[in-house]
Amino acid sequence: MTDSRPVLTMTGISKSFPGVRALHNVDFRLLPGEVHALMGENGAGKSTLIKVLTGVYGIDEGTVTLDGEQVAFNGPMQAAAAGVSTVYQEVNLCPNLSVAENIFIGREPRRLGAIPWGEVRRRARQLLARLDLDIDVTAPVGSFSLAVQQMVAIARAIDVQARVLILDEPTSSLDAGEVAQLFRIMRQLRDEGIAILFVTHFLDQVYGIADRITVLRNGALVGEYPIAELPQLALVEKMIGKELDVLELMEEHPRQSVTATEGGSPLVQVSQLGRRGSVAPFSLTINAGEVVGLAGLLGSGRTEVARLLFGADRADRGEVRVDGARTGLRNPVQAIEQGIGFCSENRRAEGIIADLSVRENMILAMQAARGWLRPIPRRRQDELVDRYIKALSIRPANPEMPVRNLSGGNQQKVLLARWLITEPRLLILDEPTRGIDIGAKAEIQKLVVQLSDGGMAVLFISAELEEVLRLSHRIVVMRDRQLVAQLDNDDTVDADRVMQTIASGTEREEASR
Amino acid sequence: MSDAGNRFRTLLGHRLFWPVAVLVVMLAANTVYRPGFLAVELNNGHLYGTPIDILRLSAPLILVALGMTLVISTGGIDLSVGSVCAISGAIACLYISRAPDQDNLVTVLTALAMALGVALVLGAWNGVLVSVIGIQPIIATLILMVAGRGLAQLIAEGQIITINSGPYRAIGLGHLLTLPLAIFIALAAALLVAAFTRRTALGMIVESVGGNREASRLAGIRSGRVVFLVYVVSAACAAIAGFMMTANVSSADGNNTGLWVELDAILAVVIGGTSLAGGRFYLGGTILGALIIQTLTTTVYAMNISPQTALLFKAVVVIAVCLIQAPAFRAKFRRRRAGTPPPPQSSPQRQKEQVPA
Numbered sequence: 001m002t003d004s005r006p007v008l009t010m011t012g013i014s015k016s017f018p019g020v021r022a023l024h025n026v027d028f029r030l031l032p033g034e035v036h037a038l039m040g041e042n043g044a045g046k047s048t049l050i051k052v053l054t055g056v057y058g059i060d061e062g063t064v065t066l067d068g069e070q071v072a073f074n075g076p077m078q079a080a081a082a083g084v085s086t087v088y089q090e091v092n093l094c095p096n097l098s099v100a101e102n103i104f105i106g107r108e109p110r111r112l113g114a115i116p117w118g119e120v121r122r123r124a125r126q127l128l129a130r131l132d133l134d135i136d137v138t139a140p141v142g143s144f145s146l147a148v149q150q151m152v153a154i155a156r157a158i159d160v161q162a163r164v165l166i167l168d169e170p171t172s173s174l175d176a177g178e179v180a181q182l183f184r185i186m187r188q189l190r191d192e193g194i195a196i197l198f199v200t201h202f203l204d205q206v207y208g209i210a211d212r213i214t215v216l217r218n219g220a221l222v223g224e225y226p227i228a229e230l231p232q233l234a235l236v237e238k239m240i241g242k243e244l245d246v247l248e249l250m251e252e253h254p255r256q257s258v259t260a261t262e263g264g265s266p267l268v269q270v271s272q273l274g275r276r277g278s279v280a281p282f283s284l285t286i287n288a289g290e291v292v293g294l295a296g297l298l299g300s301g302r303t304e305v306a307r308l309l310f311g312a313d314r315a316d317r318g319e320v321r322v323d324g325a326r327t328g329l330r331n332p333v334q335a336i337e338q339g340i341g342f343c344s345e346n347r348r349a350e351g352i353i354a355d356l357s358v359r360e361n362m363i364l365a366m367q368a369a370r371g372w373l374r375p376i377p378r379r380r381q382d383e384l385v386d387r388y389i390k391a392l393s394i395r396p397a398n399p400e401m402p403v404r405n406l407s408g409g410n411q412q413k414v415l416l417a418r419w420l421i422t423e424p425r426l427l428i429l430d431e432p433t434r435g436i437d438i439g440a441k442a443e444i445q446k447l448v449v450q451l452s453d454g455g456m457a458v459l460f461i462s463a464e465l466e467e468v469l470r471l472s473h474r475i476v477v478m479r480d481r482q483l484v485a486q487l488d489n490d491d492t493v494d495a496d497r498v499m500q501t502i503a504s505g506t507e508r509e510e511a512s513r
Numbered sequence: 001m002s003d004a005g006n007r008f009r010t011l012l013g014h015r016l017f018w019p020v021a022v023l024v025v026m027l028a029a030n031t032v033y034r035p036g037f038l039a040v041e042l043n044n045g046h047l048y049g050t051p052i053d054i055l056r057l058s059a060p061l062i063l064v065a066l067g068m069t070l071v072i073s074t075g076g077i078d079l080s081v082g083s084v085c086a087i088s089g090a091i092a093c094l095y096i097s098r099a100p101d102q103d104n105l106v107t108v109l110t111a112l113a114m115a116l117g118v119a120l121v122l123g124a125w126n127g128v129l130v131s132v133i134g135i136q137p138i139i140a141t142l143i144l145m146v147a148g149r150g151l152a153q154l155i156a157e158g159q160i161i162t163i164n165s166g167p168y169r170a171i172g173l174g175h176l177l178t179l180p181l182a183i184f185i186a187l188a189a190a191l192l193v194a195a196f197t198r199r200t201a202l203g204m205i206v207e208s209v210g211g212n213r214e215a216s217r218l219a220g221i222r223s224g225r226v227v228f229l230v231y232v233v234s235a236a237c238a239a240i241a242g243f244m245m246t247a248n249v250s251s252a253d254g255n256n257t258g259l260w261v262e263l264d265a266i267l268a269v270v271i272g273g274t275s276l277a278g279g280r281f282y283l284g285g286t287i288l289g290a291l292i293i294q295t296l297t298t299t300v301y302a303m304n305i306s307p308q309t310a311l312l313f314k315a316v317v318v319i320a321v322c323l324i325q326a327p328a329f330r331a332k333f334r335r336r337r338a339g340t341p342p343p344p345q346s347s348p349q350r351q352k353e354q355v356p357a
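If you're matching them up, the sequences are chains A and B in order.
Just so we're aligned: the first sequence equals residues 1 to 513 in UniProt numbering.
Just so we're aligned: the second sequence equals residues 1 to 357 in UniProt numbering.
In isolation and in its complexed conformation, chain A is listed as follows (with noise of 0.2 Å):
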């Protein structure tokens, strides 16, 4: 569509880090006026590609230039003041100051030497004018949600008089429509000749809004193709380089074993379990072999729910039965002894120790469960590692690695692995595959499968509702904080069906009968 110039070009990028190549003679152009989607697997090297161009890492080899000129930024504050502004895929603003603060915090406007908060605030609300957001811009950024913080990093980034946009996975903490509102700016900012590199493990959103894709494979590059050119069957084939037999194979698989529920014997049965401010009680019952999808809107109290059942939160009312005896899920450590474990949705903040190896991420709650004084022995735990680095085939394979090395795909599968270490009953997984290309995906929703067949019940959270509908046995819907349904995963059941649950909240457990 657009002839001009580039306005951005890397030309022949190289990165190594110890142990890993991680961009290999890329090359990558940026149009003015465009949406630019960069497309690959987790560990393909998009994350890394941005980084270098911003200054955050060195470049071992290679050019960037920006308008013809050759740049190489110390980091993102030289490249934001030349026009490369970025937003981060977990959002980087400090969430103890205000809106405001957080906009201008580092170029703060200057008045003989004071910073005139007047003028702070009224250009923090005007640009929040522009992206349609009315908030109070004295609140602390922690107040508010993912969502509107994402809408203030994007804020912060604008401002910077950006020439190029880089939007590094914005879409992966919203919903839909969160997600249309970031398209409108999107579309608002590119008309205005803004160049925008976007990032996002969504197909359905590079279909969306991108006029170009770029493809990454194992930190080299696959090809540049305009969006008409390249079908999304394609793009796949693309990405993960090989034949998609994994998705075949689960499209083969949805819901073949239902029949299994038939035969399960209740492990976990709450009834009325509930926390005040956080979810209404509710009652449910999981049998073991059994796939439970936890569907629902952002914020309708689907991460409340599995919080709850982990003893994270603290219930103040409602009884748990774990095989049919009286229980309390005080805290983690007694759902861990009941055979529960966790994977919470914030990988960095609730999931990996980022100071600590793959292998010492990988036993640590099994560890925990043994207590301190008892060690688990040295080739006990390699044995265990390995098994799993092999069995989800965790890149890159080095179990004495900083967890933190790991792209966020392989961190999950990381965090997957410390909880299957521990054999446990029923396993939570909230939002296992958020942020998640689709091969690794593909491999974590076929897991979740096998486990179930194996006799592991899994609590699946996700918002993603075809994901939920192919995995799930039974799918319980919440909104607004409450539990509104539960639907046998039988063939009256459907995407349409589950969304007018979540949109009404009326269908109840007697009328999907």
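Among the hints, a few may not be true.
Partial selection, computed: residues in chain B whose CB lies under 7 Å from chain A [stated by the list, open to error]:
{"hint": "1", "residue": "Leu27"}
{"hint": "2", "residue": "Thr31"}
{"hint": "3", "residue": "Asp53"}
{"hint": "4", "residue": "Ile54"}
{"hint": "5", "residue": "Ala201"}
{"hint": "6", "residue": "Ala215"}
{"hint": "7", "residue": "Ala219"}
{"hint": "8", "residue": "Gly220"}
{"hint": "9", "residue": "Leu276"}
{"hint": "10", "residue": "Gly279"}
Derived by calculation from the structure, the hints in this document are not laboratory data.
For every residue, glycine included, the Cβ atom is placed at its ideal position computed from N, Cα and C.
Got chain A sorted already, so can you dock chain B onto it with the hints?
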């Protein structure tokens, strides 16, 4: 060059390379200034010499710093260790001073047990404030840092307690196998803490809690208990250090025993490579850090640097050590020497020139 060069680079990249280099440079500088500096001689079956003195004098600091390492690893800090030194020293000395026979071994052991018991209670107090009540560690331990001095004064009734007890003095000045007993005590403590943390899973769990407390809790770790435990261990280490300090001078002074030792201990931990933000800890590094600080103090005395400028001298060296260790600073330094950014793969040659001497 590649093989030897690579090995050299690995060596340079080792965590303990720069602290060791600093220690070596300091010892070398001393030897140049005073050729007999490193001399050790055997006299009456005891080894004497400046290196032995440095080891002996650094023993209390090593003890305090070991406990501090674990506390810092959990993301905390313990400012009260100096006061705990003073309190435990005062209790031990008070009990001995009132005993009919100060040379009685049972008396001394009873005194030590009592003082250690009180120190454990003080550690538990810190632990409860931090892990149960949730006060920020720096504030929680500041309470005991300030109040503890008063407590020590109270125990000693405002006096300096002087004792004349052979067994007690031995803790600071005694010898075993030609070497000062204090060295063995510090070594035993170091081995004990190392075994305690690295032979069990405690070390990993402490690092895990320090690295990410909420994630650790969700992995089933009782974070509170771990945090509580490290403050108790820290107080116990400080108590033993307090015995050494008071045994050295056969007297307990509530005002001055262990004064500012918390700052030296924190410094030793940081020089040893443990981050103040918590997470990974390095006991070997901490011991090296303590040795560096004591060597520095000895150097100041040996070189007759006037007391007025001694602290300044110390500060300059400490800043240099910290800067040399910081990868960010080294990178900047290298880049400036190389001329324009971005730096090409720096050669070992350039790094070699950089060693300060």
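Query raised in the report: Does the structure break any of the earlier hints, and which numbers would those be?
Result: The structure conflicts with hints 1, 2, 3, 4, 9, although it agrees with all the remaining ones.
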